[in-house]
Amino acid sequence: MIRVTGLTKRFDGATAVNSLDFEVERGEVLALVGTSGCGKSTTLRMLNRLIEPDEGRIEIDGRDAREVSPDALRRGIGYVIQGVGLFPHWTVAQNIGTVPRLLRWDRGRVRARVEELLDLFGLEASEYADKYPSELSGGQQQRVGVARAMAAEPAMLLMDEPFGALDPVTRGRLQDEFTAIRQRRGITAILVTHDMDEAFRLADRIAVMDAGRILQIDTPERLLRGPREGFVRQFVGLDDRALRILSLHRVSELSRPAADAPAPAQWVAPGDTLREAASRLIWEAGDSLAVVENGRVTAEIHAADIWRIGARGEA
Amino acid sequence: MSRGALALLVALALFAALVLWPGLMTPLLRLVAEPGQALLYDRQPIRVLVAWHLALVGAAGVVASVVGMTLGVLVTRPRGAEFMTLARMASNLGQTFPPIAVLAVAVPLLGFGFEPTFLALCAYGLLPVFENTVAGLRGVPAPVREAARGMGLACSARLWRVELPLAAPVILTGLRLSTVVNIGTATIGSTVGAVGLGEVIIAGLQSGNTAFVLQGALLVALMAICADLALRGLERRMSRAG
Ligand SMILES: Nc1ncnc2c1ncn2[C@@H]1O[C@H](COP(=O)(O)OP(=O)(O)OP(=O)(O)O)[C@@H](O)[C@H]1O
Ligand SMILES: [Mg+2]
Chain A
0 MIRVTGLTKR FDGATAVNSL DFEVERGEVL ALVGTSGCGK STTLRMLNRL IEPDEGRIEI
60 DGRDAREVSP DALRRGIGYV IQGVGLFPHW TVAQNIGTVP RLLRWDRGRV RARVEELLDL
120 FGLEASEYAD KYPSELSGGQ QQRVGVARAM AAEPAMLLMD EPFGALDPVT RGRLQDEFTA
180 IRQRRGITAI LVTHDMDEAF RLADRIAVMD AGRILQIDTP ERLLRGPREG FVRQFVGLDD
240 RALRILSLHR VSELSRPAAD APAPAQWVAP GDTLREAASR LIWEAGDSLA VVENGRVTAE
300 IHAADIWRIG ARGEA
Chain B
0 MSRGALALLV ALALFAALVL WPGLMTPLLR LVAEPGQALL YDRQPIRVLV AWHLALVGAA
60 GVVASVVGMT LGVLVTRPRG AEFMTLARMA SNLGQTFPPI AVLAVAVPLL GFGFEPTFLA
120 LCAYGLLPVF ENTVAGLRGV PAPVREAARG MGLACSARLW RVELPLAAPV ILTGLRLSTV
180 VNIGTATIGS TVGAVGLGEV IIAGLQSGNT AFVLQGALLV ALMAICADLA LRGLERRMSR
240 AG
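Sequences listed follow chains A and B, in order.
The numbering of the first sequence is numbering that gives the first Met the number 0, which starts it at 0 and goes up by one.
The numbering of the second sequence is numbering that gives the first Met the number 0, which starts it at 0 and goes up by one.
Among the hints, erroneous ones may be present.
[As the list claims (entries may be wrong)] Computed beta-carbon distance windows for the label pairs:
#: 1; chain 1: A; residue 1: 35; chain 2: B; residue 2: 54; range: 54 to 60 Å
#: 2; chain 1: B; residue 1: 192; chain 2: A; residue 2: 11; range: 37 to 43 Å
#: 3; chain 1: A; residue 1: 13; chain 2: B; residue 2: 103; range: 51 to 57 Å
Honestly, the hints are just simulated from the structure, not real lab data.
Quick reminder that beta carbons are idealized off the backbone N, C-alpha and C, glycines included.
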């Protein structure tokens, strides 16, 4: 658990981070979003003491971060650097094994962990473990960057645009991988991004920053339904908020009982988002859709229920 | 075998042949010699001159590298930044102050022979090593440096395991420049009595014997070419590992 109070950093008199207060619970992912230069990276870098705050207090699992030596602190916190920053003279395996080796894990354990992580991120160990970063594509490098941060099973991850600078398809796949890993392992993380969609997809709560301040910190749904006037409203974007709200919900939340039958031509799975269901309903011009599992209809979902979720007021 | 390695092998073989059997050069030297003049320098065996020349350049190279790299590392540490201008001035001075002037100053203090020449070469070879160490360390990409810090590598581990290995090819270039230049510069040591290949050239100049000058110059040039090729090969190998 992280608790930050009054965190402030100035560079040459200019305030980069201005009196931040927030908490991140165990198992929670908090997204920091905002325009370039609003202080996101500076905030992360204070959390692992790459820079020291001018004011304020950082508590990690109840301990003041200043009481821990910076190197020890950093070994316990996974850090994904903006711009990846793999060590170019080390292989993928050596890169991922950096922190475990610092923690003096024995060779076999490091090797096993590296293979496990490569597997987790969809990189064949036999093919990629001994490659150098320059032999990887940008997306593969970013995966290795995230794997390296997770290697020593840190209690907490700081991720600075971990999926930045990628095409939408690869980005989407990495986001899915992240979600899957999260469901299997549980991850406590602060995720920096300037992509609002990424924040909606991955985070439990979102902090919208501007000019060094947090303007609003809320769950995705509450941020969409009640954004504060001004910058937050503009940044969150209201044009398709109904659809964005739908994408936060799953079909299973609204399924109604239906008779067992073989799958029809158009259907949805219980794990699909309401947004996908809505899109299919609009396409079919229908008012209900079959919910299918393992090729059999198990339930159905009604358009009217979906519209109600997307409408104002509901929370 | 790569082309670089092949060129090095040829250059080394040629150099070794001309050192061990100086007579091989006579047909060439005959072209420039006046009738009746000696063709081959014979006051000292060439082997001995080459050995001293190498010792001089090598010893100066070791000192210039150690000092240059240490200075380069120090001024790129956060606490050493303020010494940057000072170190740069000192190493610049070493390079801009002509070695011959260093000799003139050093001889009264150190006497004739090896020592003043050694000092002049140390001073002259310092700058390329220092500048390239600084450039190499500064060239380590910021995200890589940040990653090393962010992963919790201690100061010394960051230097030895990340920064220096990544800067090595650039530092080695500085070392190569320094060595190659000093192989040539070391010839002036013979004006103050340092044993080396300069002796052959100077003897030629003093007695108007062009054959001697050519012999000495060829050997020095070949030695420089060998050093250049060898260190280039090393550089390539290092940057490939990265
Ligand atoms: N080391 C530094 N020295 C001086 N100013 C800095 C330093 N680091 C950051 N800043 C300034 O602090 C402000 C916040 O920078 P920061 O890197 O936190 O932004 P960011 O939100 O991460 O932006 P981006 O999305 O572009 O990465 C910027 O105005 C930046 O110029
Ligand atoms: Mg940033």
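Structure-based check of all given hints:
1. At roughly 58 Å, the beta-carbon separation of residue 35 of chain A and residue 54 of chain B lies within the given 54 to 60 Å, and the hint holds.
2. The supplied range of 37 to 43 Å is broken by residue 192 of chain B and residue 11 of chain A, whose beta-carbon atoms lie about 58 Å from each other.
3. Between residue 13 of chain A and residue 103 of chain B the Cβ separation comes to about 55 Å, which falls inside the hinted range of 51 to 57 Å.
Hint check: a violation occurs at hint 2 only; the rest are consistent with the structure.
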